[in-house]
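For reference, the chains in residue letters:
Protein chains: 2
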Amino acid sequence: MKEIVECVPNFSTSDPAVVEQILGELKGTKNAFLLDYTFDNYYNRLVVSFIGDKQSVLKAMLKMASKAIALIDMRTHKGQHPRIGAVDVVPFIPIKNVSMEDCVRLAKRFGKTLAEKHGVPVYLYGEAATKPERRDLDWIREGEFEKLAEMIVKPERKPDFGPARPHPTAGATITGARKVMAGFNVNLGTPDLKVAKKIAKALHSKKGGLSNVKAMAAYIPERNITQIGMSITDFEATPLYRVFELLKVEASRYNVPIIGSEFCGLAPLKAVVDVTAYYLKIDNLTVDRVLEIAIQNALERRGNFE
Amino acid sequence: MKEIVECVPNFSTSDPAVVEQILGELKGTKNAFLLDYTFDNYYNRLVVSFIGDKQSVLKAMLKMASKAIALIDMRTHKGQHPRIGAVDVVPFIPIKNVSMEDCVRLAKRFGKTLAEKHGVPVYLYGEAATKPERRDLDWIREGEFEKLAEMIVKPERKPDFGPARPHPTAGATITGARKVMAGFNVNLGTPDLKVAKKIAKALHSKKGGLSNVKAMAAYIPERNITQIGMSITDFEATPLYRVFELLKVEASRYNVPIIGSEFCGLAPLKAVVDVTAYYLKIDNLTVDRVLEIAIQNALERRGNFE
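First to last, the protein sequences are chains A and B. Sequential numbering of the first sequence, starting at -5, is according to the numbering used here. Sequential numbering of the second sequence, starting at -5, is according to the numbering used here.
No lab work stands behind these hints: they were computed from the structure. Any given hint could be a false lead.
Identical chains share a label here; the pair holds if one copy fits it or two copies do between them.
[Said to hold, decoys possible] Lysine-lysine pairs mimicking DSS-like chemistry, simulated, CA-CA at most 27 Å apart:
(1) Lys264 to Lys24
(2) Lys195 to Lys275
(3) Lys242 to Lys57
(4) Lys242 to Lys148
(5) Lys125 to Lys191
(6) Lys264 to Lys90
(7) Lys201 to Lys275
(8) Lys188 to Lys275
(9) Lys192 to Lys275
(10) Lys48 to Lys173
Can you make the complete structure from the sequences, with help from the hints?
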């Protein structure tokens, strides 16, 4: 295939009927393919991962966003994950024969179209940011949906597209371009959110933790445990084993056991390979020394043989 | 592509000029693609990994074997890895749209042709074995090249193809079919081969160790260290982390540090994923939750979009 863009939109819902309708828009779009989706009620958030060529991804994303804006009412939304809108954040990610600049252009086209069509204010972030502080999702989300009306009128917070007032039910949307990142959640054997928050703080880059790591704590009522939810924005520079081992160190201080982990969304192969290489002390393990990838590479290099 | 067979022949050489000529035969075969090769002088052994459709793999393998038989003289061969011939062992491995039975048939055609063409005796092993004990490479290799002349005349050791006497310079060849396996070498911070042999024995399945694990010890003169060389024939049933952790336990008994590891040949993704899942305590990590594989699967399921 010629080009592949990945898009990982986050919608502020965990209502199965709404999830189904949003995914329906994707499934009805030619040349856009669902990879994965996940939602849960403690975050009250749907994360979708899909791929396609540039045009198809943009088309599918606009349809999904329109559906989400029609169905989600932020005035009644509660959830432990920070968010400012129904279509909260929409990153475009270059995968194959697509540049970061292509993805920046896609984000701008998506943002402009969404603002014009629905009157939703849109911020650009990541590689698409128009000011340095806007590269950071957390900065844009400050105050969340609840304080959006008072934040958005500040001159330094003027949206990149659309009006300087929240959409009444959909809030605002953040879109941009970024590299593939790793979402990684670690479950702690304690219901104590205060302790979990201390551990999250110890890991968070801006609070004295590890570079390239954002960490937050959440309570999971069904299991009466807490979870450290992390985004590792550059897992090549800050590999997952380092994050995990440091989390162990910080948790042991409070005698809190780690009871399990999960990738939030799909696992980038480089992140997996680096973990294996660390624990097994392998010096020369690279992505292209994985059998399945070596096969793919050999066939792409030399052509297929049908 | 329609079908993929992998072939991982082991040749008894580490002479760069001979290696180059053997690989030249593969590179000159249409629709057969080199994945990887490795050779070293302490094993005095070349391991090649290549793929193709059934016909092309068979054709390439016969050409490589003919070249190896022409160039390698076992009468002067020394090496730490057990071997009985110039073309020592030739496994065919089903990868895609190819059954184990297809690979058994390929092994038989390869063995029969090689025996007829060069007068080399051939044993069938693994899934292609004609008797239960012949499933096991070690049983067939007993006595190695040096004792082949006296072993091969025993009725229970009659070759499956070719004469019941060694080829004067090429010895005998073993061929068969098997699943993908993991080759894994661990370097020990000691030159003491006796200790390394005790550790290898502790891991070897038939000597009281782990199921599905074959382990041997070798001395690496360039580095003045020893190495445990392992084949894990079923790395789903006996995952790599279990092998590695048990090796650590046995090595610590002799105060021997593990100074590094390497996959011998390519790393099967499932083996890598299981290691990561174990150390990071991930319950739900599977091969198809790896981003690169999810993308491949989505495109194969729904078609490409060129």
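Evaluated hints:
Taking the shortest Cα distances, lysine 264 and lysine 24 never come within 27 Å of each other, neither inside one copy (30 Å) nor across copies (32 Å). When the C-alpha separation of lysine 195 and lysine 275 is checked against a cutoff of 27 Å, the pair qualifies only between copies, where the shortest distance is 22 Å, while the shortest distance within a copy is 30 Å. For the homomeric pair lysine 242 and lysine 57, neither the shortest alpha-carbon distance inside one copy (42 Å) nor that between copies (54 Å) is at most 27 Å. With identical chains, the CA atoms of lysine 242 and lysine 148 are never at most 27 Å apart, being 41 Å at best within one copy and 60 Å at best between copies.
Within a single copy, lysine 125 and lysine 191 get their C-alpha atoms no closer than 30 Å, and across copies no closer than 63 Å, so neither meets the 27 Å cut-off. Taking CA atoms no more than 27 Å apart as the test, lysine 264 paired with lysine 90 passes in both settings, with 16 Å inside one copy and 24 Å between copies. Taking the shortest Cα distances, lysine 201 and lysine 275 sit within 27 Å of each other only across copies (26 Å), while inside one copy they are farther apart (31 Å). In this homomeric assembly, lysine 188 and lysine 275 come within 27 Å of each other (Cα to Cα) only across copies, at 23 Å, whereas the closest approach inside a single copy is 36 Å.
Proximity of lysine 192 to lysine 275 under the C-alpha cut-off of 27 Å is restricted to the inter-copy arrangement: shortest distance 21 Å between copies versus 31 Å within a copy. Only within a single protomer do lysine 48 and lysine 173 lie at most 27 Å apart by alpha-carbon distance; the minimum there is 16 Å, versus 39 Å between protomers.
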